[in-house]
Amino acid sequence: MHVEVDVPKCVASGQCVLLAPDVFDQRDEDGLVVLLDDNPAPELHDSVRESATVCPAAAIRLTES
Amino acid sequence: MDRIVIVGASSAGLAAAETLRREGYAGTITLVGDEPHPPYDRPPLSKEILSGAWTSDRLALRTSADLDALGLDTRYGRRAVRLDLHARSVHLSDGSEAGFDGLIVATGVRPRHLPGERAHVLRTVDDALALKDRIGPDRHLVVVGAGFLGAEAAAVARGLGARVTLLEPAPVPLAHAVGETVGQALSRAHLDHGVDLRTGTAVSEVTAQGVRLSDGSVVEADDVLVAIGSHPNTEWLEGSGLTVDNGLVCDEYSAAVGATGVYGAGDVASWHNPLFDTRMRIEHRTNATEQGMTAARNLLGAGRPFTPVPYFWSDQYDMKIRAFGYLRGHDEVRIVQGDLAERTFLAVYRTGDRLSGALSVGMPPKAINTWRQSIAVGAQWADAVSTAAA
Ligand SMILES: Cc1cc2nc3c(=O)[nH]c(=O)nc-3n(C[C@H](O)[C@H](O)[C@H](O)COP(=O)(O)OP(=O)(O)OC[C@H]3O[C@@H](n4cnc5c(N)ncnc54)[C@H](O)[C@@H]3O)c2cc1C
Ligand code: SF4
Numbered sequence: 000m001h002v003e004v005d006v007p008k009c010v011a012s013g014q015c016v017l018l019a020p021d022v023f024d025q026r027d028e029d030g031l032v033v034l035l036d037d038n039p040a041p042e043l044h045d046s047v048r049e050s051a052t053v054c055p056a057a058a059i060r061l062t063e064s
Numbered sequence: 000m001d002r003i004v005i006v007g008a009s010s011a012g013l014a015a016a017e018t019l020r021r022e023g024y025a026g027t028i029t030l031v032g033d034e035p036h037p038p039y040d041r042p043p044l045s046k047e048i049l050s051g052a053w054t055s056d057r058l059a060l061r062t063s064a065d066l067d068a069l070g071l072d073t074r075y076g077r078r079a080v081r082l083d084l085h086a087r088s089v090h091l092s093d094g095s096e097a098g099f100d101g102l103i104v105a106t107g108v109r110p111r112h113l114p115g116e117r118a119h120v121l122r123t124v125d126d127a128l129a130l131k132d133r134i135g136p137d138r139h140l141v142v143v144g145a146g147f148l149g150a151e152a153a154a155v156a157r158g159l160g161a162r163v164t165l166l167e168p169a170p171v172p173l174a175h176a177v178g179e180t181v182g183q184a185l186s187r188a189h190l191d192h193g194v195d196l197r198t199g200t201a202v203s204e205v206t207a208q209g210v211r212l213s214d215g216s217v218v219e220a221d222d223v224l225v226a227i228g229s230h231p232n233t234e235w236l237e238g239s240g241l242t243v244d245n246g247l248v249c250d251e252y253s254a255a256v257g258a259t260g261v262y263g264a265g266d267v268a269s270w271h272n273p274l275f276d277t278r279m280r281i282e283h284r285t286n287a288t289e290q291g292m293t294a295a296r297n298l299l300g301a302g303r304p305f306t307p308v309p310y311f312w313s314d315q316y317d318m319k320i321r322a323f324g325y326l327r328g329h330d331e332v333r334i335v336q337g338d339l340a341e342r343t344f345l346a347v348y349r350t351g352d353r354l355s356g357a358l359s360v361g362m363p364p365k366a367i368n369t370w371r372q373s374i375a376v377g378a379q380w381a382d383a384v385s386t387a388a389a
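Each protein sequence line maps, in turn, to chains R and D. Start counting the first sequence at 0; every next residue gets the next number (numbering that gives the first Met the number 0). Start counting the second sequence at 0; every next residue gets the next number (numbering that gives the first Met the number 0).
Some hints here could point you the wrong way.
[To be verified] EDC-like cross-link-like pairs, simulated, lysine to aspartate or glutamate; straight-line CA separation at most 20 angstroms:
(1) D:Lys319 / R:Asp36
(2) R:Lys8 / D:Asp137
(3) D:Lys365 / R:Glu63
(4) D:Lys319 / R:Glu63
(5) D:Lys365 / R:Glu42
(6) R:Lys8 / D:Asp65
(7) R:Lys8 / D:Asp314
(8) D:Lys46 / R:Asp5
(9) D:Lys365 / R:Asp45
(10) D:Lys365 / R:Asp27
(11) R:Lys8 / D:Asp93
(12) D:Lys46 / R:Asp29
Worth flagging that the hints you see were computed from the coordinates, not collected in a lab.
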């Protein structure tokens, strides 16, 4: 699985960080998403897919391989 | 279950469709939407689209490849006109029908209008582009309603150099939503940015020249934007046997009351949120997605109550407003960090003896996230504020 984030779209909701803290973080100053791992381990895939669906800005894009 | 119909092809409907597939449902998903477009996002309409920072191709919620991968039977540009629960079928505006074993109602809301001449509203991409074309220097825009939508539009219009008059019937904008002190502080931003904000000013109709106020006087305008709230899109459910009362009435599982295998999600759905022990209907972007996901899972039998901490954000001028919880009907607001006058602050809300909400403006997000956790576990107010003070 490959993860991309579209930072200008991010609205700093933090939903992805709640669901997959090993993959996403937020910048301290403005809360915009920081991608920690663009190729997460298989056991994280479910929570990353959940994050991509839940993201209120459609800022997370996954490519499943 | 092998035929699911989702009515409403926007945030909630799309989240439901995506979740059904992720949970392994392999049957038909018919996605009905009266707009001609594939699902797109609305919050940028009053922000990046109105300001011209983005073109509308940025709004798509999914790429066409991602949508194709869901294998949906899409019926865009068609309206659901009637629900026959007995035959388990939705009648569409083109005369066709869509039969279902399971149904998700995600038809959202539409703007309220004022009597009189046509004015702008702001709900669809077409609305936003039409309004954007009319805003610029030497133009006068009158915005009726200083809620979040009207406030965002006023801010963008000022940024584009337009003259803006913002008319609000209440004495303090947003007071019902965020309380008087916070509403007052937020509305001062309009004055600082040269908006002619007139509170306690009710509009009776839109005229060819502008708007007529309830005292009979007229405010002239080149364009009028009406942002006075919305109606749930439930007309197509009338006579179906479902309960409609300010939206589709659902239980704590987001299941429609009075039917089996019918769920509601997003702006159109009112449900009982056990976390706050209150019936609520939330018009926020994150709720649409979360409820769409829950509705899909419960339709497939998950049996999980829908207990979110509601979240919304709003961008006005240089202010980033974020709020968690259910602020309506609160009993007390306390500023726990920052300064109201500088519009950099964190406010928390008490309802009864519970911490019910937190709202921040211009603060690092991590400051409010800890309050969110406390709201999510149903923290007592006294405990939450004393822990924070420690
Ligand atoms: C300009 C604007 C700015 C916003 N900004 C923010 C923000 O900053 N933060 C925030 O949290 N929220 C914001 N929101 C709210 C957020 O966009 C909504 O909560 C969200 O779009 C709700 O999604 P939904 O899928 O429930 O409903 P909708 O997005 O309203 O979608 C419902 C869809 O169903 C269609 N439909 C209706 N009736 C029928 C029918 N009978 N048959 C077929 N289709 C039908 C509608 O045309 C529509 O396409 C904003 C909304 C607007 C309009
Ligand atoms: S869920 Fe989306 S909008 Fe929210 S912080 Fe993550 S990337 Fe940003």
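**Request:** State the violated hints by number, sorted upward, taking the hints as numbered earlier in the document.
**Result:** Violated hints (numbers, rising): 1, 2, 3, 4, 5, 9, 11; every other hint is consistent with the structure.
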